[in-house]
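*Asks:* Next come the chains, spelled out residue by residue.
Protein chains: 2
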Amino acid sequence: MKILISNDDGIDSPGIAALAKEMKKLGEVTVIAPRTEQSAVGHAITMKIPLRITEYYKNGDFFGYAIDGTPADCLKIGIRNILKTRPDIVLSGINNGSNTAINIIYSGTVSAAREAAIMDLPAISVSQTSHDARDFSYAAEIALKLSKQVLENGLSKGTLLNVNVPNLPKEKIAGILLTQQGKSKWDDVYEERIDPYGKKYYWLTGNLIETDNDLITDQHAIKKNYVSITPVHFDLTDYKMYNEMKAWELENLMKL
Amino acid sequence: MKILISNDDGIDSPGIAALAKEMKKLGEVTVIAPRTEQSAVGHAITMKIPLRITEYYKNGDFFGYAIDGTPADCLKIGIRNILKTRPDIVLSGINNGSNTAINIIYSGTVSAAREAAIMDLPAISVSQTSHDARDFSYAAEIALKLSKQVLENGLSKGTLLNVNVPNLPKEKIAGILLTQQGKSKWDDVYEERIDPYGKKYYWLTGNLIETDNDLITDQHAIKKNYVSITPVHFDLTDYKMYNEMKAWELENLMKL
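Protein chains in written order, with our numbering: chain A, 1 to 256; chain B, 1 to 256.
Treat each hint with caution, since some may be false.
The list treats identical chains as interchangeable, and a pair is accepted whether it falls inside one copy or across any two copies.
[Unchecked claim] Listed below are the simulated SDA-like cross-link pairs for lysine to any residue, each with C-alpha atoms no more than 20 Å apart in a straight line:
| hint | residue 1 | residue 2 |
| --- | --- | --- |
| 1 | Lys223 | Glu171 |
| 2 | Lys224 | Asn213 |
| 3 | Lys172 | Met254 |
| 4 | Lys183 | Leu236 |
| 5 | Lys58 | Asp135 |
| 6 | Lys240 | Ser130 |
| 7 | Lys246 | Glu152 |
| 8 | Lys199 | Thr54 |
| 9 | Lys172 | Leu250 |
| 10 | Lys240 | Gly154 |
| 11 | Lys84 | Met1 |
| 12 | Lys157 | Ile209 |
| 13 | Lys145 | Thr211 |
| 14 | Lys25 | Glu152 |
| 15 | Lys157 | Thr237 |
| 16 | Lys2 | Ala17 |
| 17 | Lys183 | Asp235 |
Since the hints were derived computationally from the structure, they do not count as laboratory data.
None of these values were measured; they are calculated from a predicted model.
Hey, can you work out the whole structure from these sequences and the hints?
*Replies:* This is how it looks when you write it as structure tokens:
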């Protein structure tokens, strides 16, 4: 069993170390991850500049390959140029901080798994609430067990599972729920500051406004201490609007 | 009528100038766009460093605001900190090069419009095939006419229209089609090269493998010289897989 692991927090993050260690119980793990933190880069890919591949060592032992690019870059160059064969499954994480609701759009963690799904590989992204998480053992255990289930049951081509795990010890977890992407969004606030030269600059802050209040959503599930598992795909067509727009007579735009 | 215009090719691109000029026929245009080209940045947002806002002049006249960030950043800071009121409609483009099929995932042009859709604003992204396009007049005309139709008919909240226009004079356009996101993907190839110091580096190249052969898809529509209009949303839940997974007994993962 060949397992590829990536993330967006960077190859030196504790979350990816915990995930790699646990997944070794299932098969041969290769870590290919960004050299530096790439949070919120979404599905960016690097085209204007070249990439480099560096062997990365931890405590003197080979740990994996560091790429000076984005999570999606890591998947692309990792599978095309580093691995000799396609992996059986791809995992991304364990991310420091949840990736639920609108954050799925911005997340590099989810995008690494999505790039795998684009390549028709089964993929799982795993995130843990709290940016200060240090113990990833339960989230890693979930990743391993869910990987076994994915390999057994199969996933539709083009689908990944986006997993969010509360930052709690195992005995405090309320359960595991199959969920949908929530609708909570950010109230972006740009803090205006003045630099040492008297010029203004703006720093993005804000809070997630939690409008989800049903356990069917990823956002509310983790708030209520459940592990949330959401199947995510990359077919962005809005079929409901597509059907409504059949009445629009778009062809008439030509005649205007 | 207040119109916000952004793009991913940068504020100095000819496509955004053509779009801004045409859209002035409909109302008051504000341009807020990346200072430098941001192609393929996807839905990246800037959190680790601050942003700056610069007034940008063309031929001595004020043209708009340049942001040293991504397309999604431009929408966020533009609406929160530059505009005094929410715009009535947002347009992104006109992009040099199509944004169809899998490219919707990577596109900064589409992501600017998607960020507007996240803010519940009607939004249209416009791209023109060919990276060498110089005459954007027909695509700009389509953008204006479609904007009028969107303002008249309304769009579902959270939906944007992704428009692709062949790089052809108006009389050679075959028609206008309502489409769905195609399934064509890239055969990524990383060219391996050696730098002046003897070290390897890798540059992303490749071709879009056109597997779409039905005019119902954006990819095939533009290939056959049609304007393609696809409604796109950001609900990434795979509902088909969601329903299948109800049989997975995920709760049992806890007991393992």
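*Asks:* If the cutoff is 20 Å on CA atoms, where do Lys157 and Ile209 land: within, between, both or neither? Let me know, please.
*Replies:* between (33 Å within a copy, 17 Å between copies)
*Asks:* I want to check one pair: Lys246 and Glu152. Are their C-alpha atoms no more than 20 Å apart within a copy, between two copies, both, or neither?
*Replies:* This pair counts as between: shortest inter-copy Cα distance 15 Å, intra-copy 41 Å.
*Asks:* Treating 20 Å as the Cα threshold, decide for Lys145 and Thr211: within, between, both or neither.
*Replies:* neither (31 Å within a copy, 35 Å between copies)
*Asks:* Could you figure out if Lys84 and Met1 sit no more than 20 Å apart (CA to CA) within one copy, between two copies, both or neither?
*Replies:* Answer is within; shortest intra-copy Cα gap is 14 Å, inter-copy 56 Å.
*Asks:* Have a look at Lys223 and Glu171 and pick one of within, between, both or neither, based on CA distance no larger than 20 Å.
*Replies:* Intra 16 Å, inter 57 Å, cutoff 20 Å: intra-copy only.
*Asks:* With identical chains, the pair Lys58 and Asp135 could be close in the same copy or across copies; at 20 Å between alpha carbons, which is it: within, between, both, or neither?
*Replies:* within (19 Å within a copy, 54 Å between copies)
*Asks:* How would you classify Lys224 and Asn213 at a CA-CA limit of 20 Å: within, between, both, or neither?
*Replies:* within (10 Å within a copy, 46 Å between copies)
*Asks:* Could you place Lys2 and Ala17 in one of the four classes (within, between, both, neither) given a Cα distance threshold of 20 Å?
*Replies:* Within one copy, since 17 Å is at most 20 Å while 50 Å is not.
*Asks:* Regarding Lys240 and Gly154, is the shortest C-alpha distance of 20 Å or less found within a copy, between copies, in both, or in neither?
*Replies:* between (28 Å within a copy, 14 Å between copies)
*Asks:* Please sort Lys199 with Thr54 into within, between, both or neither, judging by C-alpha distance up to 20 Å.
*Replies:* Answer is between; shortest inter-copy Cα gap is 11 Å, intra-copy 38 Å.
*Asks:* Within, between, both or neither: how does the pair Lys172, Leu250 come out at a Cα-Cα threshold of 20 Å?
*Replies:* between (55 Å within a copy, 17 Å between copies)
*Asks:* How would you classify Lys183 and Leu236 at a CA-CA limit of 20 Å: within, between, both, or neither?
*Replies:* For Lys183 and Leu236, the Cα distance is within 20 Å both inside one copy (16 Å) and across copies (11 Å).
Going through the hint list in order, the structure does not satisfy hints 6 and 13.
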